[in-house]
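Residue numbers (the numbering used here), protein chains in the order written: chain A, 1 to 407; chain B, 1 to 405; chain C, 1 to 228.
None of these hints come from the bench; they were simulated from the model.
Check before you lean on any hint, since a few could be wrong.
[Claimed, not checked] Quick list of simulated restraints, FRET-style, between CB atoms:
id, chain 1, residue 1, chain 2, residue 2, range
1, B, F278, A, G244, 55 to 65 Å
2, A, A236, B, T67, 43 to 53 Å
3, B, F278, A, F321, 38 to 48 Å
4, C, D223, A, L325, 19 to 29 Å
5, C, H162, A, I305, 29 to 39 Å
6, B, F367, A, G350, 51 to 61 Å
[To be verified] So the derived list for chain B, only partly shown, Cβ under 7 Å to chain C, looks like this:
id, residue
7, L2
8, A7
9, Q14
10, R15
11, A234
12, S238
13, T296
14, A304
15, I392
16, R396
17, P399
18, T400
In this text the structure is predicted, and so the values were computed from the model without any measurement.
By construction, the Cβ of each residue, glycine as well, lies at the ideal position given by its N, Cα and C atoms.
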Amino acid sequence: MMLTYKLALRNIFRNTRRTILTVMLIGFSLAALILADAVTSGMIKVMVESVTKTISGEAQIHKKGFRENLDIDLYLENSSTIEGQLAADDRVKAYSPRVIAAGMISSSYNVSSGAVYGVDGEQEATVSKLKEAIVEGEYLSDSPTEILIGRPMAELLEIGLGDRIVITLAEADTGELSQALFRVSGVFFFGMREFDENFVFVNIDKAREVVNIRNASHEIALLFHDSDISATDTQAVLSELNQGDIEALDWRSLFPEITSVLEMSGFSSVIIGSILFLLASLGVINSMFMSIYERIYEFGVAKAIGTKPRQLLQLILFEGFLIALISCAFGIAVGGSLGLYYEINGIPLGEFEFAGVALSNAIPTVLSINQFTHFPIYVILLTLTATLYPARFAAKIVPSEALQKSL
Amino acid sequence: MLMWKLAFRNIFRQRRRSILTALSMTGGYVLCVLSFSMTEGSYSNVIKIFTEDHTGDIQIHSEDYLTRPKIHKNIDDNAAVERVLNQSEFVRSYTKRVFSPGLAYAGNESTPVKIVGVDPDLESNTSRLADKVKQGVYFNNQPNDDGYFKAMIGVRAATSLQLNIGDELILISQGADGSIANDIYIIGAIVGSRSSWDSSTVYLPLNSAHDFLTLHGKSHQYALALNDSADVIAATQSIQAQLPAFSVSPWMVVEETFYKTMQADKEGNLFGLFIIVFIVFIGVLNTVLMSVLERTHEFGVLKAIGSRPATITVMILLETTLLAFLSVVVGILLAIPIIYWFANVGIAMPEPVDVGGIAFQHMKGEFSLQVFLLPMLFILSFAIVVAILPGIRAARVLPTEAMRG
Amino acid sequence: MSSVITTQNLSRHFQDGENIIKAVDDVSLNIEAGEFTAIIGPSGSGKSTLLNLIGGLDNPTSGAVELSGTDIAKMSGSALSDFRRDHIGFIFQSYNLIPVLSAEENIEYIMLLQGVDTATRKKRVKEMLHVVGLEGLGDRRPSHLSGGQQQRVAIARAMASHPDIILADEPTANLDSKTGIALLEVMKSLNEDRGMTFIFSTHDNKIMDRARRLVHVLDGKVDQEELK
Chain A
1 MMLTYKLALR NIFRNTRRTI LTVMLIGFSL AALILADAVT SGMIKVMVES
51 VTKTISGEAQ IHKKGFRENL DIDLYLENSS TIEGQLAADD RVKAYSPRVI
101 AAGMISSSYN VSSGAVYGVD GEQEATVSKL KEAIVEGEYL SDSPTEILIG
151 RPMAELLEIG LGDRIVITLA EADTGELSQA LFRVSGVFFF GMREFDENFV
201 FVNIDKAREV VNIRNASHEI ALLFHDSDIS ATDTQAVLSE LNQGDIEALD
251 WRSLFPEITS VLEMSGFSSV IIGSILFLLA SLGVINSMFM SIYERIYEFG
301 VAKAIGTKPR QLLQLILFEG FLIALISCAF GIAVGGSLGL YYEINGIPLG
351 EFEFAGVALS NAIPTVLSIN QFTHFPIYVI LLTLTATLYP ARFAAKIVPS
401 EALQKSL
Chain B
1 MLMWKLAFRN IFRQRRRSIL TALSMTGGYV LCVLSFSMTE GSYSNVIKIF
51 TEDHTGDIQI HSEDYLTRPK IHKNIDDNAA VERVLNQSEF VRSYTKRVFS
101 PGLAYAGNES TPVKIVGVDP DLESNTSRLA DKVKQGVYFN NQPNDDGYFK
151 AMIGVRAATS LQLNIGDELI LISQGADGSI ANDIYIIGAI VGSRSSWDSS
201 TVYLPLNSAH DFLTLHGKSH QYALALNDSA DVIAATQSIQ AQLPAFSVSP
251 WMVVEETFYK TMQADKEGNL FGLFIIVFIV FIGVLNTVLM SVLERTHEFG
301 VLKAIGSRPA TITVMILLET TLLAFLSVVV GILLAIPIIY WFANVGIAMP
351 EPVDVGGIAF QHMKGEFSLQ VFLLPMLFIL SFAIVVAILP GIRAARVLPT
401 EAMRG
Chain C
1 MSSVITTQNL SRHFQDGENI IKAVDDVSLN IEAGEFTAII GPSGSGKSTL
51 LNLIGGLDNP TSGAVELSGT DIAKMSGSAL SDFRRDHIGF IFQSYNLIPV
101 LSAEENIEYI MLLQGVDTAT RKKRVKEMLH VVGLEGLGDR RPSHLSGGQQ
151 QRVAIARAMA SHPDIILADE PTANLDSKTG IALLEVMKSL NEDRGMTFIF
201 STHDNKIMDR ARRLVHVLDG KVDQEELK
């Protein structure tokens with residue numbers, strides 16, 4: 001065994017140039033895979049976090065049917081009961097009740113449509129990033145005329161802090177027109193078009209007054225202690241809440257688009273990765289064959305003096321294995337260092353908007369253990385598989401034929 | 001001629017090696033073709049869909065209405081605009097539109113809607129609106145006997161308001177003069193589907209919308225359909241030059257976020273392909289170097305008898321390029337049926353994905369010359385570049401090498 | 001007869017670490033047109049190096065090499081390469097031919113380099129094949145020709161370019177004696193009938209017997225000359 005190892009090691013360095021090229025071939029493939037995975041993971045993380053950590057929370061509770069049309073009449077009458085349940089549940093990290101009503105939003109200069117969110121400032125700050133998203137003015141502080149609008153909407157309505165805004169909407173149940181006056185107290189920017197262009201935030205009590213519902217809400221957003229949404233505890237909370245005409249869904253169901261992007265990218269990564277390795281394998285097979293051809297005479301001699309076919313097979317496989325190891329080291333070094341660099345600095349991908357999330361900043365890549373354990377294992381297995389074909393060839397060499405071939 | 005024969009035969013001296021190398025290049029080529037076809041095809045498909053459905057190839061607005069819509073940023077000289085459009089060789093048809101946010105009421109139900117006023121005839125020539133009527137009849141300019149105009153409404157709004165054909169609809173909005181706009185319409189049709197972009201839209205006949213919003217006949221937007229969509233940039237420039245007072249925007253500007261995302265995505269794809277082909281050609285380099293180094297004696301003889309170094313370099317370049325070309329030919333044969341399938345059937349995605357504001361549901365391939373040609377040039381270029389170093393190495397072999405055994 | 005090759009104080013030194021190896025040491029030699037001369041000597045005597053210098057395959061450290069009146073000692077690159085192409089023919093010990101080309105195509109190759117027109121090329125190929133006794137075998141590749149036949153094709157190729165001299169480095173080393181003799185007879189008749197100058201580097205007796213002049217080389221110097 002030791003001899004085979006020694007032999008294999010020395011053999012691969014007989015033609016250093018070729019070995020280096022082969023190592024680069026496999027190594028770069030591994031590095032490419034690691035990086036591609038890191039970039040994709042980074043993008044997905046940004047997309048998921050932009051959804052779960054900005055406004056939407058990790059799960060939401062609504063009246064069944066509310067999400068179809070945002071029907072203002074479908075409110076949670078026993079919102080306070082549910083909130084009490086949530087406060088007592090230690091699996092739930094935070095929750096925030098919201099009144100949601102669509103209406104017309106006008107300034108002295110322009111009018112636009114939008115969604116009015118009535119929230120409790122303190123509770124909302126535990127669930128969403130609204131407070132951090134404020135770029136001008138102040139966050140909600142309980143004054144009834146406060147309103148927070150998105151920067152794009154502020155520009156559209158041509159207003160700034162202190163200016164007047166009139167919200168016109170229809171009350172719940174009666175459908176009567178209701179109007180209310182507000183003054184812009186803060187401007188926010190999330191970097192998500194849908195929120196920035198369409199949402200305004202007011203204090204929940206004022207919203208309830210305008211919409212004419214007592215103590216009710218349309219939506220309760222939740223955050224959990226466990227960041228893995230598929231954890232059993234989290235799912236248990238949701239199924240407990242999913243009763244009668246109440247619906248509790250996690251972000252994967254609320255944003256099926258992002259989920260489908262997730263699946264698609266996983267799927268396409270597998271495909272691209274397989275193709276890449278298939279192509280690289282061709283190069284590996286070629287390389288091994290070249291190294292065997294050069295030694296045909298030598299193998300002929302070896303077999304003539306009594307080496308068994310199996311031993312030649314082992315030798316070549318071993319050489320392949322060693323090359324795979326070296327390549328993995330190379331690939332991990334390249335992929336890992338680039339990945340690390342981009343994890344810190346972010347990788348500039350240009351201006352991208354996918355599923356409503358603006359990805360125009362440099363996206364930090366995400367390195368994970370998988371990339372450094374699973375991928376190299378695949379590489380080694382694939383390289384060994386590729387080496388089988390040439391190895392069998394070497395094992396089957398006929399000494400008399402081989403000895404005739406003088407180089 | 002002999003040089004070509006020489007190159008061709010040299011390739012097949014080591015059949016297995018050449019076949020393996022060729023296969024890897026074929027694989028690289030096919031991958032490029034597939035990726036390119038899918039990207040180009042899917043985007044072209046989506047662009048065609050939204051420009052034909054409602055955006056048009058080009059839109060005309062006053063000032064910066066596109067980015068900062070305000071009800072009184074309207075086009076005040078219809079005659080001038082329409083004169084230019086009627087004369088333009090690029091324009092097939094156009095339509096006029098007005099927009100406003102509003103509240104819709106029916107019975108006890110209400111819901112916010114987007115109000116869009118369009119000229120029924122112009123609109124049906126320019127966009128797909130007439131084809132999207134699911135229930136009822138496409139509307140016209142005429143009021144009914146009671147003096148009410150007909151409106152067409154999107155599915156979501158119709159469902160929220162529980163409306164049927166013939167029901168009354170009350171619309172509330174804000175007029176251009178600041179007054180509250182308030183009118184009754186009769187539902188003449190329900191258009192589109194739940195997920196279409198206009199599912200919360202109410203369409204009104206243009207004249208009636210003008211009155212409703214106190215616009216005095218002025219519109220916010222002209223949308224143009226061109227005879228040939230490929231002319232969009234030339235057409236924009238031509239029309240803008242003739243209408244300096246207005247903003248003429250091609251669809252790339254109208255859907256700027258989508259366009260930028262598309263560009264970024266395409267570039268990313270190209271980069272990925274580059275990396276893959278680069279890796280493939282590391283293997284090719286290995287092969288070419290090997291084949292050069294084992295012919296040192298032969299090159300020595302060639303140089304001894306008087307071949308110039310350049311001749312030998314060209315020989316190596318020819319060999320590699322020829323092999324690459326053969327690989328591409330095989331690749332084309334393999335790719336044609338696949339691309340054909342993609343172009344005609346394609347892959348439907350379970351959920352539409354929002355790309356820069358546009359819903360993407362179908363991945364379709366493009367079947368065109370450029371889809372096959374560009375990757376070919378790519379592979380051949382790589383082949384030439386990869387062969388240069390070994391080629392120079394071969395050319396530098398000393399003629400004295402010929403003497404060794 | 002005029003001199004075809006003249007070397008003056010020709011030297012070729014190689015650096016091996018600190019040692020200088022004088023492979024060819026101050027050799028002055030005259031070879032005249034129509035000669036059939038063998039440069040002989042033991043292994044390591046420098047005869048191959050000398051042949052390399054005479055044939056313009058290598059540049060000397062010092063001294064001059066005049067071939068048909070041109071000093072090639074300082075020539076390099078394309079100029080030297082073209083000079084070889086037009087004035088010198090080569091026959092090596094083995095692997096003279098391009099394996100993927102047929103005998104005819106191998107002979108044609110050199111004329112293609114020279115820019116000879118198609119008609120003349122075809123004519124000369126036929127003629128040369130006939131001269132070396134290989135008519136009918138022109139379309140065979142080297143792997144389908146015997147060792148002796150391959151060497152004949154090499155001769156035909158060398159002759160086809162109309163050189164001033166032909167240099168042959170151990171042409172018979174890989175052949176059995178009968179084939180070797182046959183080969184030498186071909187070259188001898190080319191020398192006598194057409195006046196082609198042949199210079200051999202060899203330790204084959206058969207060549208030495210047929211040569212009209214022997215140049216003994218030892219330790220890089222010309223030790224002795226024999227005229228027969």
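Okay, the hints, checked on the actual structure:
| no. | hint | in the structure |
| --- | --- | --- |
| 1 | B:F278 with A:G244: 55 to 65 Å | holds (59 Å) |
| 2 | A:A236 with B:T67: 43 to 53 Å | holds (47 Å) |
| 3 | B:F278 with A:F321: 38 to 48 Å | violated (26 Å) |
| 4 | C:D223 with A:L325: 19 to 29 Å | violated (59 Å) |
| 5 | C:H162 with A:I305: 29 to 39 Å | violated (53 Å) |
| 6 | B:F367 with A:G350: 51 to 61 Å | violated (28 Å) |
| 7 | L2 | holds (6 Å) |
| 8 | A7 | violated (9 Å) |
| 9 | Q14 | violated (11 Å) |
| 10 | R15 | violated (13 Å) |
| 11 | A234 | violated (51 Å) |
| 12 | S238 | violated (56 Å) |
| 13 | T296 | violated (11 Å) |
| 14 | A304 | holds (5 Å) |
| 15 | I392 | violated (14 Å) |
| 16 | R396 | violated (11 Å) |
| 17 | P399 | holds (4 Å) |
| 18 | T400 | holds (5 Å) |
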